[in-house]
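Kindly produce the complete structure, drawing on both the sequences and the hints.
Protein chains: 2
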Amino acid sequence: MNYYKTLSKEALAAEKSALESAYAAACLAKLNLDMSRGKPSEEQLDLSRGLLDELSSTSELVIDGQNAGNYGCPEGLRVARQLFGELLGVNKDQVLVSGSSSLNLMFDVLSHGFVRGMQGESPWSKQSQAHRLRWLCPAPGYDRHFALSDYFGFENVAVTMRDTGPDMDAVEDLVKDPSVKGIWCVPRFSNPTGIVYSDEVVKRFAALKPAASDFRILWDNAYCVHAFYDNAPQVANIFEYVGTKDLVYSFASTSKITFAGAGIACIAASKHDLADVMVSTGIERVCSDKISQLAHALYLPDRTRIEAHMKQIAEVLRPKFSLVEEVLSRELGPLDIAQWTHPQGGYFVSFDGERGSAKEIVKLCKDAGLQLTNAGATWPGGFDAADTNIRIAPSYPSLEELSRALDLFVLCTKLQAARAALRAL
Amino acid sequence: MNYYKTLSKEALAAEKSALESAYAAACLAKLNLDMSRGKPSEEQLDLSRGLLDELSSTSELVIDGQNAGNYGCPEGLRVARQLFGELLGVNKDQVLVSGSSSLNLMFDVLSHGFVRGMQGESPWSKQSQAHRLRWLCPAPGYDRHFALSDYFGFENVAVTMRDTGPDMDAVEDLVKDPSVKGIWCVPRFSNPTGIVYSDEVVKRFAALKPAASDFRILWDNAYCVHAFYDNAPQVANIFEYVGTKDLVYSFASTSKITFAGAGIACIAASKHDLADVMVSTGIERVCSDKISQLAHALYLPDRTRIEAHMKQIAEVLRPKFSLVEEVLSRELGPLDIAQWTHPQGGYFVSFDGERGSAKEIVKLCKDAGLQLTNAGATWPGGFDAADTNIRIAPSYPSLEELSRALDLFVLCTKLQAARAALRAL
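Chains A and B, in that order, are what the protein sequence lines are. For the first sequence, the tail end lands on 618 under this note's numbering, and the numbers increase by one without skipping. For the second sequence, the tail end lands on 618 under this note's numbering, and the numbers increase by one without skipping.
Hints may contain errors.
Just so you know, same-sequence chains aren't split out, so a pair can sit in one copy or run between any two.
Stated by the list, open to error - Derived pair list, reagent style DSBU-like, types lysine-lysine, alpha-carbon separation capped at 35 angstroms:
(1) K559 <-> K369
(2) K559 <-> K285
(3) K202 <-> K285
(4) K223 <-> K559
(5) K209 <-> K552
(6) K556 <-> K464
(7) K396 <-> K202
(8) K202 <-> K464
(9) K396 <-> K504
Bear in mind the hints are in silico, worked out from the structure with no lab data behind them.
This is the structure we're talking about:
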């Protein structure tokens, strides 16, 4: 039971007063820290500096008959397709490598459906004139995903997120509606909960029978090799179950393997779906930056090399996530006023306070100099009806900064809870 | 007058027979050359290899307070914005640097108008439900431009291209129609004619009073510093005339300055238009590859350095364009069966044969192993009503290959003309 609700009014008032004093002192310390996004730290980025040594003015730029320095190969260099094929467990012919941003490629897929239409279906821009189309959003989830489907006019429909993945009973029921055109998924180390989809959930996704033939699963495998521990749970390969069906567009990038925003990115899909979206990307650009693709393929030539590289990155990230767990457990565990996730990879911890607490905690933090992701951002439309969820992104700060940030965070959480308990009396 | 039409039937038949024999011999030589696109040659690309030495594992990646290796700066690094600002004659605050492809940024602007709507206007996807929207296409022009506006459902309307730019009387008249939403322009060394817009044309563009408030000029300054000669004509700076009006989206890239498809690209626009399109690009991607932006800004820090670099490139390109002029003049000039342009920069020569000749010439070349841009590609919908225009792209082949290609091209042109003259008898 909520510790503050067990106190007498006097004891609670005294506790709140002590927390207010501590908070006032914290404000004076003028912390200035941004933990709002999943950004790599300097220390982490430095691990990828070797990438910058791969190419020089004397390098061979033609690889496997393909010239990285000239137009052509809109599907990406074969060596880069091969690399992502290994990461995602598909044949390289099912991979398009393009640009530095997987989010941009998700935009491209939605734009393709909206402007051109999926596989000859009527474009969503036309279908939506008759009635609003819908997109499924497991929540809490990734705000930039939700912003994309919202941008294209979809009604974002929240689906409950469980420890094993989205509520599949709900998903299977919702896709019976032909106005439902897709769903966002982050199958491994989901943003922000860090959970990994169970094999059963992956199988049920692969077996979906949506009413709309232009329904697609957008499978953002952003953290496919981003574990903190060797024995962290793996996610099943959805392509093994889905066969040749045109159902899944999968995405990955090296933004959190090499340089953030300056990596390489890919789409993997069935052959027909890949050819279909390339009609649109072929209009959109002549080809992508293959110099960066070549440097990446030389630096990280195969899965083994990537996994070795990711172990080094895990050494930087693991202590930060351990510290989050340690501080939250020690400071909040006994008070029974919050829950949080215990990810074994990825970039986030999902925190849930009491009902109606999240906005107030985030504001208290902000006023004391700690910027968190806006409360509600993990829900479609930025609206968390219960106002409980906060996304904690511990990757960017140093351990020392993170420690101060967490001290402030737990202080604000306690203060909010004490204030709320007093108000409720 | 067409030489072949001056001949007697017997003389013409003999001439044609000789050309057929020469063509049969040329086919046996099994040329295998692709001159269909404006691709840089290996020799030209080698001039930019220094770019690959700019960054190494020990480089400072933070410049001017901005970290090229991490998320952030969706508007691009300040140093890269400054560089394009100098090239395009605008303040760096009016520049968005993003990705490697200016075509992709043109797509982004059209996509913004289509999905979101320009500056709060109704999205084109909605407006087009009531009646088809139109886009102006000076022709001959760039096939990838026409493909973009076609993709978004516009009716592409051809506008006559003159030596000084598009027929402005026609443009001024057409923009009185509120269903006309934009126009494609390549103001310097236009693709494919190589002409440079006159000051008067630029001023008339800046002074346009389109009926549609969401009409925009897409000003693709692809060849802004791509002259073969020091005294080649400059194009006036449209932003000097347009003032603060929201009328022009301008584009440039380094694809033909450094590596093709692996350079950096920009949009320049009024402050309001730039902020407006960034609502959409901000949904589309977190940020662009700033490692590439940093390398470019270090390699080509200012306009002076770029111009020196472009002089080296001109040394490679100039002899190729001179050879085109020399061979066409020598072989076709006396026959009076074709006209062509004499560009002082850019990547193309625009060739016009007799009415109804282009498709046949291109097919003859293709059958003998020389791939040219498809006849008609320089017109909206790929339809050149007069069937005269062929785009010659001499940048990629070596001088020796180009010489053989031109020999074949003039042979095919003569053969087509002789055949046509005989058919007409």
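For each hint, the structure was consulted:
1. K559 <-> K369: neither (43 angstroms within a copy, 52 angstroms between copies)
2. K559 <-> K285: Cα proximity of K559 and K285: across copies only (32 angstroms, versus 46 angstroms in one copy).
3. K202 <-> K285: Neither. Shortest intra-copy (66 angstroms) and inter-copy (60 angstroms) distances fail the 35 angstroms Cα cut-off.
4. K223 <-> K559: within (11 angstroms within a copy, 72 angstroms between copies)
5. K209 <-> K552: The answer is within: 19 angstroms in one copy meets 35 angstroms, while 85 angstroms across copies does not.
6. K556 <-> K464: This pair counts as between: shortest inter-copy Cα distance 32 angstroms, intra-copy 48 angstroms.
7. K396 <-> K202: neither (53 angstroms within a copy, 77 angstroms between copies)
8. K202 <-> K464: Neither way: K202 and K464 sit 66 angstroms apart in one copy and 57 angstroms across, limit 35 angstroms.
9. K396 <-> K504: Classified as within; 29 angstroms inside a copy, 60 angstroms across copies.
Consistency with the previously given hints fails for numbers 1, 3, 7 and 8, ordered from lowest to highest.
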